[in-house]
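Please model the complete structure; the sequences and the hints are all you need to start from.
The chain contents come next:
Protein chains: 4
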Amino acid sequence: MVVVMAPGATDEDIARVVERVEAVGGEAFVSKGLTRTIIGLVGDIDSFHHLNLRTLAGVADVHRISDPYKLVSRQHHPDRSTVWVDGVPIGPQTFTFMAGPCAVESSEQTLEAAQMAKAAGATILRGGAFKPRTSPYAFQGLGVRGLEILAEVGAATGLPIVTEVVDARDVAVVAEHADMLQIGTRNAQNFGLLQAAGDAGKPVLLKRGFSSTIEEWLMAAEYVAQRGNLDIVLCERGIRTFEPATRNTLDISAVPVVQAASHLPIIVDPSHAAGRRELVVPLSRAAIGVGADGIIVDVHPHPEDALCDGPQALLGSDLRELAAAVRTMPGLLGRADASRLTKVLA
Amino acid sequence: MVVVMAPGATDEDIARVVERVEAVGGEAFVSKGLTRTIIGLVGDIDSFHHLNLRTLAGVADVHRISDPYKLVSRQHHPDRSTVWVDGVPIGPQTFTFMAGPCAVESSEQTLEAAQMAKAAGATILRGGAFKPRTSPYAFQGLGVRGLEILAEVGAATGLPIVTEVVDARDVAVVAEHADMLQIGTRNAQNFGLLQAAGDAGKPVLLKRGFSSTIEEWLMAAEYVAQRGNLDIVLCERGIRTFEPATRNTLDISAVPVVQAASHLPIIVDPSHAAGRRELVVPLSRAAIGVGADGIIVDVHPHPEDALCDGPQALLGSDLRELAAAVRTMPGLLGRADASRLTKVLA
Amino acid sequence: MVVVMAPGATDEDIARVVERVEAVGGEAFVSKGLTRTIIGLVGDIDSFHHLNLRTLAGVADVHRISDPYKLVSRQHHPDRSTVWVDGVPIGPQTFTFMAGPCAVESSEQTLEAAQMAKAAGATILRGGAFKPRTSPYAFQGLGVRGLEILAEVGAATGLPIVTEVVDARDVAVVAEHADMLQIGTRNAQNFGLLQAAGDAGKPVLLKRGFSSTIEEWLMAAEYVAQRGNLDIVLCERGIRTFEPATRNTLDISAVPVVQAASHLPIIVDPSHAAGRRELVVPLSRAAIGVGADGIIVDVHPHPEDALCDGPQALLGSDLRELAAAVRTMPGLLGRADASRLTKVLA
Amino acid sequence: MVVVMAPGATDEDIARVVERVEAVGGEAFVSKGLTRTIIGLVGDIDSFHHLNLRTLAGVADVHRISDPYKLVSRQHHPDRSTVWVDGVPIGPQTFTFMAGPCAVESSEQTLEAAQMAKAAGATILRGGAFKPRTSPYAFQGLGVRGLEILAEVGAATGLPIVTEVVDARDVAVVAEHADMLQIGTRNAQNFGLLQAAGDAGKPVLLKRGFSSTIEEWLMAAEYVAQRGNLDIVLCERGIRTFEPATRNTLDISAVPVVQAASHLPIIVDPSHAAGRRELVVPLSRAAIGVGADGIIVDVHPHPEDALCDGPQALLGSDLRELAAAVRTMPGLLGRADASRLTKVLA
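So the sequences go chain by chain: D, X, G and S.
Here the first sequence is numbered in the working numbering, starting from 31 and rising by one per residue.
Here the second sequence is numbered in the working numbering, starting from 31 and rising by one per residue.
Here the third sequence is numbered in the working numbering, starting from 31 and rising by one per residue.
Here the fourth sequence is numbered in the working numbering, starting from 31 and rising by one per residue.
Keep in mind the hints are simulated off the structure, nothing from the lab.
Any given hint could turn out to be false.
The list treats identical chains as interchangeable, and a pair is accepted whether it falls inside one copy or across any two copies.
[What the hints assert, rightly or not] Derived SDA-like pairs: lysine to any residue, alpha-carbon spacing no greater than 25 Å straight-line:
#1 Lys62 to Arg94
#2 Lys100 to Ala90
#3 Lys100 to Ala275
#4 Lys100 to Gly88
#5 Lys62 to Ile44
#6 Lys62 to Arg307
#7 Lys62 to Pro37
#8 Lys100 to Thr164
#9 Lys62 to Ala45
#10 Lys62 to His207
#11 Lys100 to Asp339
#12 Lys62 to Ala90
#13 Lys62 to Gly73
#14 Lys100 to Thr40
#15 Lys62 to Glu138
#16 Lys100 to Tyr167
#17 Lys232 to Ala291
#18 Lys100 to Lys232
Printed below as a string of C-alpha cells:
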C-alpha cells in the first residue's frame, strides 16, 4: 500500500503513520518531496486495513497495490485452470457449449429442449428450477419437481446438468440433483449462498452481478474458493449501463481482463445479456473471437409459449447457425471442441 | 398494455393477438393506422404476461402501462403511510433521525455511540451485527453476540434498534433481538430473504439496491408486502454510477419520485452514499430539504479505530451541526421532530 | 506521482525509471519492499506525463496525486469566489435564483416568463436562443432574433441575461447581447468553444457534461480559466445513469465535492436534471439544503405550448412555492438573498 | 404515437387530445378500457411533437413508436450501404483494417507507423493532427502541420487518410488534406460540427459519444446526412460505465443492433475502448466475430515515447497476431479482405 500525505502534513503526522504500521509488524518507507510526503508500506496487507490510515491527521489518500483476492488470483497460480463437470472440461484448451431452456416447465419441454441442445453440439444442459424473478407475481419455477425433471432429462440424454440455486437453504437439494450449481446475477453478493455453494462439493458457475466490477466478482469467487472449492467457472452476462437497446451491455472485454487476473475459466451468456434472439448468434461469435472458454445459451422448442424469457430463446435456423460457428471457429483459435475432447477422454 | 404491430403486420397477425388476449379473458381494441396498427389491452395484466405477445409474428413492441407493484403502490392507497418502530413514527408528519455505529464492535463502543446518537437527537439506534463484506478477509461482524449487545444498549438508552439481516436463516434470531430488520443494498433481490423478513412480524427497513431502478426497488418491497407485512420503510443510499468522487451517487430525486409512486415512508442514508464524513451534513440537509421522512447516519466514538467504514462516521462538531439541522429545518417544512412526537404519544 | 513496480521488476527496470525521471529534472525516491518496489516522484508533474512511465518494463502502475487543474483549484486559492453578473453576485454569501423559459419563442412569451421569474424573486433571466437538440428535426431556437428579444426583455425588466452559446463561431454575437454565456452539457468537452468563451470577456455558466466526472468538469473550467477568465460559475444538472424515472440523476453530492475542490461558485439546475415539473420544487429545496450558491429553473407562461421542454417548466402554485423556499430557506443556512444583497450594493 | 390517459381522465380530457391531434391533420383512435383509455395517433409525427400532449390534463404518458431518424434508418433503405474512401470500401462485403498513430508527432514517426500499418494489412491510415484533450496542459496535436505530414505520408504509402476534426472552423482545412473526416467521441453532440462535416464533401467517420445511446448516435448521423452527405461510417469505441478495469466498456452488441437499425457501415475501435494494449487483439477478434465492417487500431513505432495514448498502441508481435486474424477470420464469415477487394477494383 501507498500512503499519500497531504501538503501540510507535519512530521508528527508522518511519525504517527509509521508508528501504526510498525505496530502491526509492517515496514514503512518515507519519501519526503518538495510538496508532499509518500509512505510505502510493506508487510501483511490485511493488518494494514484495520489501521484506518485514511482517517489519520495529515493523510490525503491511501492506494492499495496488491490483488485483494488470493486463491482465485493468477499471481500465484499462473496456469489457467480447467474445471470438469461430470467429465466435460471447461478451460483454456476447449470451447464448451452449454444450452437449455431458461426455465424447466415440463418433462416434455425440457426433453425437447435438451435434444435440440445436444443436436446443436451442446455438452452441458442448463435449465432453471428455482427462478429469481423481479416480480413476486411472475412464474417462480417448479422447484424440486423441476430438479427431478432436469435429472431425468440429463440421464436420458447423457448431458450433465447445471441449474441455479437462489437460497442457501436449497443448496443441499440442488447439489443432490445437479452436476454444477449456478449462482445467478442477483446473488452476486449473497455471501451466505456463496459460502454454502463452496461447501456443496460440486462445481460452481458464478455469474457476474449485473453491477459488479470485475474485482468484486473475483472477490465473490474468493468466497466460494475460501471453503475449499476451486472448481469455479465465471460467466460474463452483461452489466447495467445507460443503453436501453439491449437488456444489459455485454462486457466482452471482461473475458481477457479476467483471464489475465485469474486462473479460473470464463464463459459468456449472450442470451441474458442481450435479451433479444437476433443478437445471440453474433454475440456468441464475438465470445469465441475474444477467447472465451465457452458459452451458455437459452433454447426453447416453442419460445412463444415460454414462461420465462421467451424473446431470447434460440430455435430453428438461428440454432443451426450457432452450431456451425461453435463447430468451426474455436479450432481456428487453437481450441478443441469440448464435445470431441470429452469423447476422447471417455 | 399496448401492443404495437410492425409496419408489415398482416390481418392474420393482428387476429392472432386479439385471439390470444380474448382467450385469457381480456379485451383487445384494434386501431388501424396508415402505417401501423395499435392494439390496446384491457383486463388482468398478469394473464397477459404469460402470452409472450412480443414473440408473435407481426408484433413490434409491447408497452406496459400499469404499475407492476400493487400493495405498495399509491394508486389504490393515496394517503402516505406511517410506520411505527416500538413507538417511534416514520412517515409524512415527522422527520426521524436514526444513528449508530456501522458495526457493533464491543459493548463499550456501542453504548458510547448510542449515547452520542441520543444526545444528538436520534430516536432509533442503528448498528450492524451481521456485516455483508465484499472481501471474505474483512471483519464480518460479531453475529449473535452483536445482537445481544445491541439489545442491551437499546434497553439502557431507551432507543429502539434497527440492524441488518443478511441471510434468511438468521431472520428469526435477528427478529428476536431487534425492533426493525434492515435488508441491505446487496440483498435487494435476495427474494428468499425478502419473504422471510416479510414473515418475521417486525418492521422492515429496505435499502435500495445500489443498482436497482426505483421500480425494481418497489418490486422488492412488494415481495415483503405480499407476506402480509406492510410496515416497510424505504431507504435511498446511493446508486452506482461512473462518478468516482463519492462511493455511490445519492439519488436525491428518488425521494419525491417514490413518494409519488408509493405510500411507504422513505428515508436517506447519506453516510453510505458518500463514504466521506465531510459530505454527511450537507447531504443530510439536502434530504431534509427534498422532503425525506428521515435519515440514518453512521456515528462512532473513535472513527480511526472503526472496524468498518470509519472514514464516513460522524463525531464531534459535525454531529453537533447535524443535530442542529435536524432540530430546526424539518419544522420549517411542516414536519414535527419525531423525538418530540414520540414523547407526546408516549 | 507514485510508480508501482511489478513483483518481478529487476534492478535495471528500477534504474531506468529513476534515470528517466531525473533526465527531466525530477527526483525519484525508491522504496524496496519484500515483494514490490515503490518509487515516489517529486518535481514538475507535466514533465512526468511525457515519460510514459506506464509503458516501461517492470512498471505495474502509476498513480497521480496532485490536482490536474490549477487555476480553478482551491489548493492555492482557499477562499471561495464570488462571480458578479452585471451587479448580481453568485457566491458563498448569497443564494441566487435564475429563471426563465427554456427557449425564447417570441417577445410576448419571453416578457411574460421574465415577469413571472422576477415576481418569484429571480435576479437573473435565463432563456435559449441557440438550442442544441438531439434531433435535427426539432426546434433549433430563434438564433440572433432570440438574442435581441432577450436583450430587450432584460432591459425592460432590469434582469441580467444568461443564454447558451453552442458554437465558437457564435460567441461574439452572443457576448454582444448577453451578460453571461452558458456552455451547455453537450459541449462539456468542446474545447474550442470553451476557449472562445474564455476570450469573450463575459462571465461563463459552465454546465456539467451529463457524463463528465467532477474532475473532467473542473478540467473544462480550466480551459476557460486558462484564457484569463476566472468569472466561471459551475452548474450541476444531472448525470446519465441507469435510472429511467428521471431524465438524468441529479448528483447533489457534487455541490459539496466541488466546493471543497474548487473556489468557483456552483449552482443547481433541477429542471433539466429531473425533466418533470413536480420534482423541481423538492429538488430546489435540496439544492438550498446542500449549500448550493443558487439555482436555475425553467418557467413558462403556457407550458402546454412550449416548443422545448414544456413538461418541466414551472408555473402558478409551484412557482409560488419555490419563491417561498428561496425567500426563507437560505437565510437559515447563513446566506443572504442575492436579490436583497444586490439592492444593498446598488 | 400512443397516448396513455390517466385512470381518472375525463371525457373532456380525451376530447382535448383528439382535438389537438386533428388540428394538425392527424388521426386519433380512442380505445376506452375499464380503467384506462388509450389513444393511438396516426399522421406526421413531427407535428405531434409540438403538441406537448404530455402536459395536457389527464394524460399519463406518451410513447413514440417510429424511428426518430429517417435518412440513416434501414426502414426505407433495407440494403446495407458501402462507403468508399478514395477507392477503399467499408461495408457489408468486406472487412476494412485502419491503423496508425494516435497523434502525428513528426514525419519520421508517422511514416514509420504508416509502414507498420501497411505491412500488417491496413488499407486506410489514421492519425491525429488536432487532438481533443481533457487537460489544457496536455499535447494538443500539431494542427495544420500534422495534416501536411499525414498527406505526405499518405501519398508516400498509397494509403487514404482519416483524421479528426474538432472544430467547425477547421473543417475546410482538414477536408483539403484528408480523405475522410473523423468526428470524435467528445463531439458526438456538437451539432454545428456535424453539419459542417456534412457540408465538406468527404466521407465521415462518426465515433459514438462515450455516453450516447445508440439512438442518439444515429440522430447525430442524421445531422450529417441531412446536409446531403450519406457517406457516413459509424465507429463503436466504448461507453462510460462503472467498470474501472478498462478505459471504457466496448459495447460489442452495438454492432448488430446498429446493423439492424441503420444501413450505414459500422466499425470498432478496440484501442480507445480498452486503453490497454494487451486487450486490442482479443477485442479485434471479437469485432470480426460479431460481424463488424472493420476496425481502427492505434499503432506506434515507439509506444514508450508516444505523446498520446502510448499504453494502447500496438507493435511487434501483437501487431503480427492482429494481422493474421484480419487476414484469416473475416473470410470464414463471408467477407472479403478490403485490401484484396481494393486491388481487384483498382
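Each hint, compared with the structure:
no.: 1; hint: Lys62 to Arg94; verdict: both (20 Å within a copy, 16 Å between copies)
no.: 2; hint: Lys100 to Ala90; verdict: between (28 Å within a copy, 18 Å between copies)
no.: 3; hint: Lys100 to Ala275; verdict: between (37 Å within a copy, 18 Å between copies)
no.: 4; hint: Lys100 to Gly88; verdict: between (31 Å within a copy, 21 Å between copies)
no.: 5; hint: Lys62 to Ile44; verdict: both (10 Å within a copy, 19 Å between copies)
no.: 6; hint: Lys62 to Arg307; verdict: neither (59 Å within a copy, 28 Å between copies)
no.: 7; hint: Lys62 to Pro37; verdict: both (11 Å within a copy, 24 Å between copies)
no.: 8; hint: Lys100 to Thr164; verdict: between (34 Å within a copy, 14 Å between copies)
no.: 9; hint: Lys62 to Ala45; verdict: both (12 Å within a copy, 19 Å between copies)
no.: 10; hint: Lys62 to His207; verdict: neither (62 Å within a copy, 51 Å between copies)
no.: 11; hint: Lys100 to Asp339; verdict: between (36 Å within a copy, 23 Å between copies)
no.: 12; hint: Lys62 to Ala90; verdict: both (14 Å within a copy, 22 Å between copies)
no.: 13; hint: Lys62 to Gly73; verdict: both (21 Å within a copy, 12 Å between copies)
no.: 14; hint: Lys100 to Thr40; verdict: between (36 Å within a copy, 24 Å between copies)
no.: 15; hint: Lys62 to Glu138; verdict: neither (73 Å within a copy, 39 Å between copies)
no.: 16; hint: Lys100 to Tyr167; verdict: between (41 Å within a copy, 10 Å between copies)
no.: 17; hint: Lys232 to Ala291; verdict: within (24 Å within a copy, 44 Å between copies)
no.: 18; hint: Lys100 to Lys232; verdict: within (21 Å within a copy, 40 Å between copies)
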